[in-house]
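Start from the sequences and build out the full structure, keeping to the hints where you can.
If you're matching positions, the first sequence starts at 389 in my numbering and goes up one per residue.
Please keep in mind that the hints were generated in silico from the structure rather than gathered at the bench. Keep in mind that a hint or two might mislead.
Stated by the list, open to error - Simulated restraints on C-beta separations:
hint: 1; residue 1: D531; residue 2: A476; range: 41 to 51 Å
hint: 2; residue 1: P475; residue 2: L636; range: 46 to 56 Å
hint: 3; residue 1: K434; residue 2: P404; range: 18 to 28 Å
hint: 4; residue 1: E638; residue 2: P475; range: 45 to 55 Å
hint: 5; residue 1: H431; residue 2: K601; range: 35 to 45 Å
hint: 6; residue 1: P655; residue 2: V470; range: 23 to 33 Å
Stated by the list, open to error - Below, a list of computed lysine to any residue pairs in the SDA-like style, where the Cα atoms sit at most 25 Å apart:
hint: 7; residue 1: K507; residue 2: L407
hint: 8; residue 1: K413; residue 2: M490
hint: 9; residue 1: K552; residue 2: S575
hint: 10; residue 1: K601; residue 2: K507
hint: 11; residue 1: K552; residue 2: A445
hint: 12; residue 1: K535; residue 2: K413
hint: 13; residue 1: K540; residue 2: D526
hint: 14; residue 1: K584; residue 2: P655
hint: 15; residue 1: K420; residue 2: R443
hint: 16; residue 1: K434; residue 2: E522
hint: 17; residue 1: K507; residue 2: D526
hint: 18; residue 1: K593; residue 2: L574
hint: 19; residue 1: K399; residue 2: P510
hint: 20; residue 1: K399; residue 2: D440
hint: 21; residue 1: K478; residue 2: D526
hint: 22; residue 1: K399; residue 2: T525
hint: 23; residue 1: K399; residue 2: L415
hint: 24; residue 1: K420; residue 2: P497
hint: 25; residue 1: K625; residue 2: E638
hint: 26; residue 1: K593; residue 2: D508
hint: 27; residue 1: K540; residue 2: G647
hint: 28; residue 1: K593; residue 2: S511
hint: 29; residue 1: K584; residue 2: Y635
hint: 30; residue 1: K540; residue 2: K584
Glycine included, C-beta positions come from ideal geometry on N, C-alpha and C.
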Amino acid sequence: MPELPEIETTKRGVAPRLLNQFISKTLVRQEKLRVPVNHDIDHLCKGKQIIDVTRRAKYLIIHLTEGYLFIHLGMSGHIRFVSPETPAGKHDHIDLVLENNMILRYNDPRRFGLWLYIKDAPSEHPLLSHLGPEPLTDEFNSDYLFKRAQNKTQPIKSFIMDNKIVVGVGNIYAAESLFLAGINPLSPAGSITLEKIISLTNHIKDTLALAIKAGGTTLRDFYAADGKPGYFSNELKIYGRQNNPCYLCETIILSTTIGGRNSAFCPNCQPN
DNA sequence: CTCAGATCCTGTGCGC
DNA sequence: TGCGCACAGGATCTGA
Numbered sequence: 389m390p391e392l393p394e395i396e397t398t399k400r401g402v403a404p405r406l407l408n409q410f411i412s413k414t415l416v417r418q419e420k421l422r423v424p425v426n427h428d429i430d431h432l433c434k435g436k437q438i439i440d441v442t443r444r445a446k447y448l449i450i451h452l453t454e455g456y457l458f459i460h461l462g463m464s465g466h467i468r469f470v471s472p473e474t475p476a477g478k479h480d481h482i483d484l485v486l487e488n489n490m491i492l493r494y495n496d497p498r499r500f501g502l503w504l505y506i507k508d509a510p511s512e513h514p515l516l517s518h519l520g521p522e523p524l525t526d527e528f529n530s531d532y533l534f535k536r537a538q539n540k541t542q543p544i545k546s547f548i549m550d551n552k553i554v555v556g557v558g559n560i561y562a563a564e565s566l567f568l569a570g571i572n573p574l575s576p577a578g579s580i581t582l583e584k585i586i587s588l589t590n591h592i593k594d595t596l597a598l599a600i601k602a603g604g605t606t607l608r609d610f611y612a613a614d615g616k617p618g619y620f621s622n623e624l625k626i627y628g629r630q631n632n633p634c635y636l637c638e639t640i641i642l643s644t645t646i647g648g649r650n651s652a653f654c655p656n657c658q659p660n
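Printed below as a string of structure tokens:
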């Protein structure tokens, strides 16, 4: 489900209702996630106040009076507020119960996500410490990207999806940005000209910012915390459009596999 | 070091 | 209608 815009949309949806609240209970129905949930997470969170809600890469970070709660939604997760009487359904793995009785409920069929309580500074944690810059900050710019790309033979698409290079660029937005920049996703990262890297950098930023504005991309099952779908799927120009004509030149869009992920591209608009 | 591929898990949608 | 298969928005590990 989620890429960075979906996480950001989720964060904006849940933050106002979490802020300043006290946690009364953390109910874990399924602890086997990408990383097992702390066995004593209920004890660790109980009675603590939520003092901030932030995002780093695709992690939501709930700041408590002591420690932090990391939430990652993996490929199929979502969190929503439900009232106390709402019965838990299939794959409703965790409830964060607040003292006002509202429940932040986490559902994740594939269980690639995680919930983790950590005590020390998030940026030092092994899950976050190696991460590259946020795409919407000035730290992520064309000079940086060009430098990092030098001598890389890796396909440019895998390169921009590498969290050590830049975080938050998933399969959808990688495909969209490369199309808009006119770059073939298979081209070796080190072979891309500075001009194209400048264009790519700008399109990554623009695409993500637009998608956040639209409330994320709803393909099948993404709904923001308020239950509203995202509207960015209407804007997708290349992702999932293989075998259809390109919107710009009507050439039939091709697809290939890069890093195990399906990758659509227009052979005419993205020649190299 | 770099990179392709396998892996964790369940649901969906397609062709037969 | 039912079955089997391919594939899905992420991230990490292994091994060539």
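Comparing the hints with the structure gives:
1. D531 x A476: 41 to 51 Å: The hint (41 to 51 Å, Cβ to Cβ) holds, given that D531 and A476 are roughly 49 Å apart.
2. P475 x L636: 46 to 56 Å: 49 Å, holds
3. K434 x P404: 18 to 28 Å: 22 Å, holds
4. E638 x P475: 45 to 55 Å: 50 Å, holds
5. H431 x K601: 35 to 45 Å: 40 Å, holds
6. P655 x V470: 23 to 33 Å: 47 Å, violated
7. K507 x L407: Cα-Cα ~19 Å, so holds.
8. K413 x M490: 11 Å, holds
9. K552 x S575: Holds, because 19 Å separates the two Cα atoms, which is no more than 25 Å.
10. K601 x K507: The hint is violated at about 33 Å.
11. K552 x A445: Distance ~11 Å between K552 and A445 Cα, so the pair holds.
12. K535 x K413: Violated, at about 48 Å.
13. K540 x D526: Measuring from Cα to Cα gives roughly 23 Å; hence the hint holds.
14. K584 x P655: 16 Å, holds
15. K420 x R443: Answer holds: K420 to R443 is near 23 Å, not above 25 Å.
16. K434 x E522: 31 Å, violated
17. K507 x D526: 29 Å, violated
18. K593 x L574: 21 Å, holds
19. K399 x P510: 17 Å, holds
20. K399 x D440: Cα-Cα ~11 Å, so holds.
21. K478 x D526: 42 Å, violated
22. K399 x T525: 18 Å, holds
23. K399 x L415: 21 Å, holds
24. K420 x P497: 12 Å, holds
25. K625 x E638: 12 Å, holds
26. K593 x D508: With Cα atoms ~31 Å apart, K593 and D508 exceed 25 Å; violated.
27. K540 x G647: 15 Å, holds
28. K593 x S511: 23 Å, holds
29. K584 x Y635: 21 Å, holds
30. K540 x K584: 16 Å, holds
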